[in-house]
Amino acid sequence: MSDSAVLVEMRGLTKRFGPGRPALDRLDARILGGTITGLAGPDGAGKTTLLRMIAGLLDPTEGELRVLGVDPREDAEEIHARAGYMPQRFGLYEDLSVQQNLDLYADLRGVLGEERRETFGRLLGFTDWARFTDRRAGALSGGMKQKLGLACALISKPELLLLDEPGVGVDPISRRDLWRMVEDLVKDGVGVVWSTAYLDEAEQCETVIVLNEGRPVFCGPPGELTGRVRGRAWAVPVEHGRRRALSKALQSEEVLDGVVQGHRLRLVLRGKARDRWDASEAGLEGKAEAAEPRFEDAFIDALGGPPRGPSRIAEAMRQVPPDDHPVIEAQDLTKRFGDFAATDGVSFTVPRGEIFGLLGPNGAGKSTTFKMLCGLLRPTSGRALVTGLDLEHSGSEARSRLGYMAQKFSLYGDLSVRQNLEFFAGIYGLPRARQKPAVDGMLDVFALRDQADEASGGLPLGFKQRLSMAAALMHEPDVLFLDEPTSGVDPLTRREFWKHINGLVEKGVTVLVTTHFMDEAEYCDRIGLVYRGKLIALGPPDELKAKARTDKNESPTMEDAFIHLVQAWDREQGGDRKEGKP
Amino acid sequence: MFQRIRSLVVKELLATLRDKKARIALIVPPILQLFVFAFAGTQEVTNISLAVFNPDAGRASAELVQRLEASGNFSHIRFVRSTGEMQAAIDRQQVVAGVRFQDDFSARLLGGQSAPVQLILDGRKSNAAQIVQGYVQSVVEQFGRERAAEGRVRLADAAIEPRNWFNPNLIYLWFTVPSLVAMITTLTALNVTSMSVAREREMGTFDQLLVSPLRPLEILAGKALPAFGLALAQATIFLVVAVLVFRIPFRGSPPLLYGALIVFIAAMVGVGLFISSLSATQQQALLGTFTFMVPAMLLSGYASPIENMPAWLQPLTYLNPLRYMMVVVKGVYLKALPAAEVLHQVWPMALIAAATVALATWQFRRRSA
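From first to last, the protein sequence lines stand for chains D and C. Those letters in the first sequence? Residues 37 to 618, by the numbering used here. Those letters in the second sequence? Residues 502 to 870, by the numbering used here.
Here chain D stands alone, though its shape is the one from the complex (with noise of 0.2 Å):
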């Protein structure tokens, strides 16, 4: 059963893409059969180059590789036979309906007969495909298509497969059923490699290979790194104003990295392990208590702590008047497709100066919700108002009142970096004298004068995401609407942008934002969950956590009261729904 035979041998390996600092850096690890080995990084941190090279795609510039005891360079025909691979965007075949697609993998890779209705029957199992099977694959949401794919990559089974990013932009119910599917596998002696950006996820794995800008940064159990932080993690409970808490506790000698958590920051301490700490050496009021170390603390600690100092971003905006309006409303907002409501009389409001964040499983309307909200598109029924400026009448007015990052970093690739900041400049209005000082303060801030005549779509994801933000803060509007704005960014990247966020809130800004990290969600300070068109939830953090509380789980993660209020809401509704449809 637990065989552990080595099926990957690496040593010294190292790709180049032309001159510059490689895709692939020197590594030495191995992959062993029976396990799933967790390939952690952020993008461009080498991954998928790491996995092509051991599926045979890509010839390795220098070191060792030996796979399922070949070498790729020699013979990847045996290893395309041996070994599967799953690339990021599984090649499904979008109009075909789910079973075709099954049955084209099964024919391709020859398996019929009785074989192919147990293999079937099995991969079914793992969710309530049924209702799904003679829909279009196209048609499916992200995180259903990406269970396809795997299903259609583990149609025969392979003695090494590699998975590049299968949970990437899928929500935790999903992600679990992945897992799932996965670890039955493992049972039969399959070794897995499972690349992740999300650091949480890498933790569940036996064993870890943590890359970083193509340098490995560790290799091994994730126990074993996660120990050099125990006794360094700290929970201090706050009562009022937890973000200024925040940026006080980080300016402290002592504070390497630190989180809002609902009412509590967790931090991280530099130095020794140690069994007591008083709170108030870093400026703090409340009592510490030890708290569970976790894989990406000490993944921070290894990559030296995010970058100090208080946000320049929110010290050089303006403060935003006070206002007792709310600043975000949604009342009664519905959009329907045909006779489908993907948004289904969602109200809400948000007062000035927080942070609101709306979760829910992939195609359960949060999309559909969100842009709305930000004027994308228009509600069957219902109003979004922002500013109290409705978004249907004073579109223009209300729009220049906020500003956008949407996921994928909205730039114009070809336009360099002064570029792009000019054209944000110029159709926000600003008048023609303030855009120069404005775009050169942004490149100041955002430290991005050195590339500021480069071509933004060559620019490191962290630099873009940066550009991103100056982009949306141009013209200093009232609210920000951030759609997955940290997904696949680095750790320390993503600490630094939620300092800046929340020193904009402090400013008086209202934030909306959507994600799928769910302790970035525990930033927020009230967190919406849709689910099915509809607003199931709407509370604080730990409102939220404290529901999925039980006597088995007595602190339950952000993600258990997710999968908790969805599947309880399920749950409640399933009655009504069975007796319509057989």
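If you're looking for bench data, these hints aren't it; they were derived computationally from the structure. Every residue, glycine too, gets a C-beta built ideally from N, C-alpha and C.
Here are the in silico distance ranges between beta carbons for each label pair: (1) T782/C <-> H116/D: 28 to 38 Å; (2) A804/C <-> Q136/D: 42 to 52 Å; (3) L844/C <-> Q136/D: 51 to 61 Å.
Covered stretches of chain D (chain C as the covering partner; in silico rule of three or more C-beta atoms under 8 Å from a C-beta of chain C): (4) 400-413; (5) 428-441; (6) 454-464.
Based on these hints, arrange chain C on the given structure of chain D.
Structure of chain C alone, referenced to chain D:
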């Protein structure tokens, strides 16, 4: 508002000119078009072979054959020894036409009788055949006239002295190059507008524009103006090349031509924007452009005269702005078409422009809000 549009136009031009692929798409196809259409697309009949079957041993037929040879219209004269051989030469497309004399041709002429010559044409090449017929006919008529002048044969028919106005030497380039000015503005206006919105949709920047204070109309204007600029710039380059390189004299009024061009580009930009508001990807936009472009070219009177099209098809050409622009550009360029005549072609284009721009605006607003 103007500042916002200005920023959009600047960005659009920068994005088009900084993107290597877009730059190539803007420069290479027009140059290719210019040369391909100007030289390969010629309908002038040169390089043709003629078969001659001459069983007559007399002087008259030999002289006529020499005249055909000397006319310069035929690159090669192929002598055959039987009707069968001539048929085979036409079948194999070695010759476009065959001239067949009767064995008593010279004798009949000497006897003062009329002596028919048979011309067999390859009907599969209707255009070339027509032209060859013209060439042969003129040589034979000339021959007949001169013999009549010598008093040997009475010639009753009046002689035709053709003169080609506006293009005295019937140089084919004089016809194609000005037409290409209309073609190229069509291509650029359609390409730039239809691709730019689709490109932004693909990159996700379109949402960014929609959440900015820009109004849909401003975005539309920001997309349309660069297309105007680029299309007019290319038209100008073509006109300069036509005058300086191809040495085709420009006879009309440039402001008149540019005025008509602006109305024409507006119509095309409207079509381009409409295509772009329908397409989600650049690929779809490209397909849409070609779906419109090819019929528009064929129905413009460029490839074949509109009068030659079937009656039911002709009304369709009235919807095609290129049809009017072809008349204007050739007219103004080659024969200084007067303003009143230009206006006669411009108002239907203006009507079409109003319709396409309105349609694009409507579709754009519907899709973007």
